[in-house]
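All chains should be modelled from the sequences, with the hints used to inform the complete structure.
Taking this note's numbering, the leading residue of the sequence shown gets 2, the next gets one more, and so forth.
Worth flagging that the hints you see were computed from the coordinates, not collected in a lab. Heads up, a few of these hints could be off.
[Said to hold, decoys possible] The calculated label-pair distances, taken between Cβ atoms and stated as ranges, are:
#1 R422 x D144: 52 to 60 Å
#2 R410 x D434: 12 to 20 Å
#3 A237 x S110: 33 to 41 Å
#4 S110 x H72: 22 to 30 Å
#5 G320 x V90: 21 to 29 Å
#6 S158 x T335: 24 to 32 Å
#7 D188 x R75: 58 to 66 Å
#8 G320 x T354: 14 to 22 Å
#9 N343 x P265: 25 to 33 Å
#10 G133 x W156: 25 to 33 Å
Ideal placement from N, C-alpha and C gives every residue a C-beta, glycine not left out.
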Amino acid sequence: MTPRTRLAARLACALLLVACVSGTVAGTDAGGERDPVAAGGTPTVVALYPNPVLPNDAGEFVTVALPEETHLGRCTLADDEKTVSLPNVTVRGRVTLSTAPNRTRALVSGRVIESALPSLANAGERLVLVCGGRVVDAASYTDAPSGEVYARGEWRSPGRTAFDVRSVTDASTTVFALPDAPDVVTDALGAAERRVLLGGYTFTSTRVAAALRDAAGRGVRVHVLVEGGPVGGVSAREATVLDRLAAAPNVTVTVLDGPHARYPFHHAKYAVVDDAALVTSENWDPSGVGGHATRGWGAVVDDAALADALAAVHRADSGWIDGVAWPSYRANATFQPPHPANATYPSTFAPLTTTADRVSLVVSPDTSKRALVGFVRNATEMLAVEQMEFSPDTALWNETLAAAGRGVRVRVLLSGAWYAREENAALVARLNDRARRDGLDLRAKLADSRGRYGHLHVKGAIADGERVLVGSVNWNANAVTANRETELVVDDPAVGRYYARLFGADWRGGVWTLPVALVIAVLCGVGGACAYLRREIAFVRADAGAGGAAAETDVVGWRGEEWE
Numbered sequence: 002m003t004p005r006t007r008l009a010a011r012l013a014c015a016l017l018l019v020a021c022v023s024g025t026v027a028g029t030d031a032g033g034e035r036d037p038v039a040a041g042g043t044p045t046v047v048a049l050y051p052n053p054v055l056p057n058d059a060g061e062f063v064t065v066a067l068p069e070e071t072h073l074g075r076c077t078l079a080d081d082e083k084t085v086s087l088p089n090v091t092v093r094g095r096v097t098l099s100t101a102p103n104r105t106r107a108l109v110s111g112r113v114i115e116s117a118l119p120s121l122a123n124a125g126e127r128l129v130l131v132c133g134g135r136v137v138d139a140a141s142y143t144d145a146p147s148g149e150v151y152a153r154g155e156w157r158s159p160g161r162t163a164f165d166v167r168s169v170t171d172a173s174t175t176v177f178a179l180p181d182a183p184d185v186v187t188d189a190l191g192a193a194e195r196r197v198l199l200g201g202y203t204f205t206s207t208r209v210a211a212a213l214r215d216a217a218g219r220g221v222r223v224h225v226l227v228e229g230g231p232v233g234g235v236s237a238r239e240a241t242v243l244d245r246l247a248a249a250p251n252v253t254v255t256v257l258d259g260p261h262a263r264y265p266f267h268h269a270k271y272a273v274v275d276d277a278a279l280v281t282s283e284n285w286d287p288s289g290v291g292g293h294a295t296r297g298w299g300a301v302v303d304d305a306a307l308a309d310a311l312a313a314v315h316r317a318d319s320g321w322i323d324g325v326a327w328p329s330y331r332a333n334a335t336f337q338p339p340h341p342a343n344a345t346y347p348s349t350f351a352p353l354t355t356t357a358d359r360v361s362l363v364v365s366p367d368t369s370k371r372a373l374v375g376f377v378r379n380a381t382e383m384l385a386v387e388q389m390e391f392s393p394d395t396a397l398w399n400e401t402l403a404a405a406g407r408g409v410r411v412r413v414l415l416s417g418a419w420y421a422r423e424e425n426a427a428l429v430a431r432l433n434d435r436a437r438r439d440g441l442d443l444r445a446k447l448a449d450s451r452g453r454y455g456h457l458h459v460k461g462a463i464a465d466g467e468r469v470l471v472g473s474v475n476w477n478a479n480a481v482t483a484n485r486e487t488e489l490v491v492d493d494p495a496v497g498r499y500y501a502r503l504f505g506a507d508w509r510g511g512v513w514t515l516p517v518a519l520v521i522a523v524l525c526g527v528g529g530a531c532a533y534l535r536r537e538i539a540f541v542r543a544d545a546g547a548g549g550a551a552a553e554t555d556v557v558g559w560r561g562e563e564w565e
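Written out as structure tokens, the structure reads:
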């Protein structure tokens, strides 16, 4: 065999080896879903950042996962044109190799090491990781968007999280309705001893702010995180509230804003209070948690593990480069006129405290699509959906129709607020037309508050009377796949009954109350007419279901239309 022949044979073997590795690494985290630790303990490429927003692509990086202690000096990264030796250090775990480590440390978690890299072409590249003379992984991409990381087979903003669903069992849980029980929120905040980590979309409640300042005065660490660009802008009232908060000792106020924002909106509404997690559908405004306008749902779960999981979300969201300190944000912001809310409403539904069988924390966009689709898909008997909005171009819409198609009794109640009424009325008509056409046990309607609340702002659902969604996720594509949102899935019959009664009242439009003496007179005078009309006037409780289940306050009322 001539030297040229031997050289050709060696090149062919090398190419065959790379091709074989290419087949085995198609599932790596940079281009697929393989868990690096589960991949036999070998190093893997898990993320690529080829097109930074800085000029000349300054700050490119490659993240590798090293399940075992590895001497990087034995490894190289190569593309079609260049092979680069890695730094002469011994490391383990997740390590990011960067041409501008100071810049990269603001974008990623874990250890960052300065390193030369092959040129990561914006148009596309294939990288091969070789350790000890053996190809251990490879990753490829095409058409790199500016400022996005390639990981797990998709492009996403750097810093976006990958939180999994966190579930706990036998957790003490208080569920409540707004505007009926706003004191649940302030009582929870007022009991804080160590920490309050609050996440919100808007924050204009002076009552909540006072509770936070009082907590900070007791030595409680308070950190408030809000959205910097809500629809309609930040109000002058919010600026005043946050000014006073930020000036208090032990209080930090952070605003998510700027060109590197990871999510279109920070739309979550929650608070971590010591070892409890509070999640609600309502904003931190008088109209929301203040109880002066919107119908909302909420839950407080007293469980350290769940609280720590929600605290991790707060920490990840407030500690990245899109988190701007309030004074810095305020110096460059303009504020909009406030929209005060000061109406009062009856406190018909008292809170319920129980030991919930199971509570799960779902975070959007990380896991909400999978979790919410699964919630609807698993309904077998009934599905009650109460939403501010409901987009037909979502998997949730399709799954709701599919549930009705397999015989599930489905009821959809949408907000009749002035800014959503026209669109929601069209959706209601569309759903009802589909039900008539296909013979489905599906009904939809617009909510009519009848003075019990201002407008419906719930983002919830009930499945089979025992599983409930409580949180901030509107049923539209942006909320499920792009925004930062928080949602609880509470699996418990008592909680299911509570929200089923609340849904029933909202579906019917509430209970029409009359003085007892007047009702007695009416019963005596028109008993025969009532029998003829087959109507029923009865002593029931305001938050009772169709069977008049027990509640806090007895009233006399007309049962009205049954929601089921």
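Quick rundown of the hints versus the structure:
1. Between R422 and D144 the CB atoms are about 42 Å apart, so this pair departs from the stated range of 52 to 60 Å.
2. In this structure the supplied range 12 to 20 Å holds for R410 paired with D434, their Cβ-Cβ distance being about 18 Å.
3. Against the hinted window of 33 to 41 Å, the Cβ-Cβ separation of A237 and S110 comes to about 36 Å, which satisfies the hint.
4. Between S110 and H72 the Cβ separation comes to about 23 Å, which falls inside the hinted range of 22 to 30 Å.
5. For G320 and V90, the Cβ-Cβ distance of about 26 Å falls inside the hinted range of 21 to 29 Å, so the restraint holds.
6. Judged by the Cβ atoms, the range 24 to 32 Å given for S158 and T335 holds: they are separated by roughly 26 Å.
7. A beta carbon spacing of about 59 Å between D188 and R75 agrees with the range 58 to 66 Å that was offered as a hint.
8. G320 and T354 have their C-beta atoms about 33 Å apart, which leaves the hinted 14 to 22 Å range violated.
9. Distance hint check: the CB atoms of N343 and P265 are about 31 Å apart, consistent with the given range 25 to 33 Å.
10. The hinted window of 25 to 33 Å between G133 and W156 holds, with their beta carbons roughly 32 Å apart.
Figure legend: structure checked against the earlier numbered hints; hints not met, in rising order: 1, 8.
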